[in-house]
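Using the sequences provided together with the hints, build the complete structure.
For reference, the chains in residue letters:
There are 2 protein chains.
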Amino acid sequence: MKIAIAQLNYHIGNFEDNLTKIKGHIAKAKIDGADIICFGELATCGYPPRDFLEFSDFINQSNNCVESIKKESKGIAVVFGAPTINPILEGKDLYNSVYFIADQEILHIQHKALLPTYDIFDEYRYFEPGSDFNLVEYKGHKIALTVCEDIWNIGNENPLYTICPLDEYRSQKPDFIINVSASPFSYDHAEERLEILKANIDRYKIPMFYINHVGAQTEIIFDGGSTVMSPDSSIYEEMPYFREDYRCYDLKSVQNGLQSIEQPKNKILEIHDALVLGVKDYFEKLGFNKCVIGLSGGIDSAVTTVIAQRALGSENVRVLLMPSQFSSDHSVKDSIELAENLDIQYDIVNIEEAYQAYDKTLDPLLGDLPFNIAEENLQARIRGMLLMAVSNKFGNIVLNTSNKSEAAVGYGTLYGDMCGGLSVIGDVYKTDVYTLANYMNKDGEVIPQHIITKPPSAELRPNQKDSDSLPDYDSLDVILEQYIEHRKGPKEIIAMGYEEKLVKKILRLVNVNEFKRYQTAPALRVSSKGFGMGRRIPIVGKYLS
Amino acid sequence: MKIAIAQLNYHIGNFEDNLTKIKGHIAKAKIDGADIICFGELATCGYPPRDFLEFSDFINQSNNCVESIKKESKGIAVVFGAPTINPILEGKDLYNSVYFIADQEILHIQHKALLPTYDIFDEYRYFEPGSDFNLVEYKGHKIALTVCEDIWNIGNENPLYTICPLDEYRSQKPDFIINVSASPFSYDHAEERLEILKANIDRYKIPMFYINHVGAQTEIIFDGGSTVMSPDSSIYEEMPYFREDYRCYDLKSVQNGLQSIEQPKNKILEIHDALVLGVKDYFEKLGFNKCVIGLSGGIDSAVTTVIAQRALGSENVRVLLMPSQFSSDHSVKDSIELAENLDIQYDIVNIEEAYQAYDKTLDPLLGDLPFNIAEENLQARIRGMLLMAVSNKFGNIVLNTSNKSEAAVGYGTLYGDMCGGLSVIGDVYKTDVYTLANYMNKDGEVIPQHIITKPPSAELRPNQKDSDSLPDYDSLDVILEQYIEHRKGPKEIIAMGYEEKLVKKILRLVNVNEFKRYQTAPALRVSSKGFGMGRRIPIVGKYLS
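In order, the protein sequences belong to chains A and B. Each number in my numbering corresponds to the 1-based position in the first sequence with 1 added. Each number in my numbering corresponds to the 1-based position in the second sequence with 1 added.
Note that these hints are calculated values from the structure, not bench results. There are no misleading hints in this set.
Any copy will do: because identical chains look the same in the list, a pair fits if it lies in one copy or spans two.
With a straight-line cut-off of 25 Å between C-alpha atoms, the simulated PhoX-like cross-links for lysine-lysine are:
#, residue 1, residue 2
1, K253, K140
2, K93, K492
3, K199, K268
4, K543, K71
5, K466, K517
6, K517, K530
7, K143, K199
8, K334, K361
9, K361, K394
10, K543, K394
11, K253, K174
12, K394, K506
13, K530, K93
Just so it is clear, the structure is predicted and the values come from calculations on it, not from any experiment.
Next comes the structure, spelled out in structure tokens:
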């Protein structure tokens, strides 16, 4: 028996494109003589479809796709995820299901039993959990069909759930397992995923075909890494990360367990590739191709620009250098060098005249009050406006250049440097931005070394340094990670050896700046806890603030 | 037996203030000789605490409150909601519980069984549903304790749930029901709530004490309307909307069923009062008191300003009139008249000089390209920047003036007129904004009549009218409501008699503008489906777009 895996980049709600891709791969699998071809979770409609699921028209369009796929299944079995309607009045209206269609007949529909409802996941908002577990028989093989989370409660040891679907199948003696997934990337997730796959096979000792999505849906990035496991718990093959792929496997060979292909794992490499894919897909899926970025001479905008150039190509990246009276000479010089290294269009636009005009316009309102954050923010907002003017005139999407450390403590100007359609490095701490920059330079200097080595500064007043208002990034990032990724409270972080005053100050800054993050662009998620849909904090809450 | 109800405005995470309020009302109830005093759902920590619940420090602080309340309960029973820890490894870590504490002893803890996970609710993200149902006995009475949604599945007829908690209690023969709630306002919710209460009493024929929250938590507004029901299904008393209140009831009188006090119900009156409370609480809970608004001469900013003045007082509202070469004379004149009617500070700041400076600065980039949306947006963004400058210099929060119709179709400038910390009328359709304006003028002209009668215009180019780019608001609003509030698809709306081209255009506009709404302020929620946390749509989705 031959089993094909299509690791695809779906587009939420774009039924036509998703169907075209699925049909194309069915045709390919037929040519390869595959008996079964497998796609991802909710492959018809993309993942996560979120509240689109509440529209019956949306479900109808997905059902039309299922009908089309059925027509294509002559001589082959097609396994794919799609929402199905719960026929019983009681419970949620839908199931998150996996279809097994062969020879134009639906042989089986299995409903996802474990519905993740945490972090970025809201599945219980839409879906009723499945509770019947039946194998499908095909060409003499008994197959256990599962959807994503269904394999994440091995032997019922995951405290979130009370059912272990594969344990339910056990007595029916399946020959192998298929799991259709949409499991989002974070830099520590690939290893965890392989551990889970191994732990499953340790328990059941049969092959598993694990099919993941690849591609970004706004901030959520799917990394692929679809995996075939042999019954001896060895990895038969882990498919590539961050790109579509298709492979056809001989079940016998998988059972014998030899191939052993695994992808290299490296935090910064993965973050880099994830961000490039994230930018690429954001543009492609929205139907845009050009971006514009404000290049300050600092490391954040430099790294963002390199990502953009690698995602969109030099011809589609444009940068504005927008010096003021507070900008250092090297800011412009370094930026020009970077732009030339990347072969991208740059323009220098001095903001002093616009600043003077505001100053004059505001004079009757502000009078002789001393220069403070109002004037600092004016500069950042003028820059934001110039970027948006280019965006509106030429159709370039502005890319936001804030990093996660800044976003966390509110070190940025709303409608100024916090503007843009997509935050590229908004889930990357400043210390990791440096590592990224060095990684980008590994095969020769792309980012001028001076951008990496000079002390970070917003350059909004004379001789300003980030360190004037923020703790050093090494401590800041560790404390932030404990609070944000690991949900540690002040006492626990202080017990790690950090000064009480510093910890309380940082946690307070995180919480009082929720209003700013609420209004900023979605940030490509590369950690286990990004700002945005996976972290839901009340703005007017008064906790640690 | 005397039962007191405290309908309070809690503050999420502000344990100290919440505890002070609770203690104060326990003391009051003791003076009144009450046997029981009842508070709302999750009263210790406020509702909805969202991901704060994931911090064990947060739960510890709530538990400390419970201990303090226990100490205050000498001679009285105190009923209130709080999160409790699920002692079993399996399942979610917490319960959403109601405590019954009397004479410094916890007599009972009942866990919420029905966990809303739809619209703005994410309870299954945090809580394990309760499954044991036991009455508490106190002073010879058997009491059924329930939490909010627990009474919304009468006789198991709500398809979302499979358990009816009060049916479970039935065999234990309770004497009356207490329901601690946090049930958010929408303009059609109060009547629905009373129907549910009546339907419960029709079934169980015992009194019910229903205690709701009042007050706004960012965009979610709780309207109060706590209600005591007599066993004959008559309303004994419905407490006031939109303000804190405390009452003490004699159980005998309630059983006899006579008092019959109900609050007036009127969509526009309720929306008006909800918005005033929403603005007031946003400022109070964030510790601010002053706002600044851009007054354009149009109806949206006029209505927003009246709401602000009624919420914060004339001395705390400041407006900027920011005419350009495209502004009509009457815009400034009408705005001055409104400001004078409201007795608020106004300044006139012409934006032409700033606009010219941008024009000059951008000239090398934009050259001779014709005037278009880029230049229109520049004007809106200059105004946004001036408002933010006042905000940064003096600490006034900018109030956003966009209405729901505009927000829906993206008729607004990101970082321009879409700026601000809170969107006041962002959940009010344009046609309702007119009704609101007329309601505000019911006791004498507050909003100059000309603002209400003139055709709406953004005044960003010569003789611009909203009707140049948008369908008339009457059709637009009906189609939007069908799509947004009622989740009707294109076919269903076209079947209602609307032109196919128009319907498809509007639905497309709603979907392609998700990126704009993502970056705008939270909007006070007054409908059953507001933009924001209750409506979750993928930005890069390609559905009807």
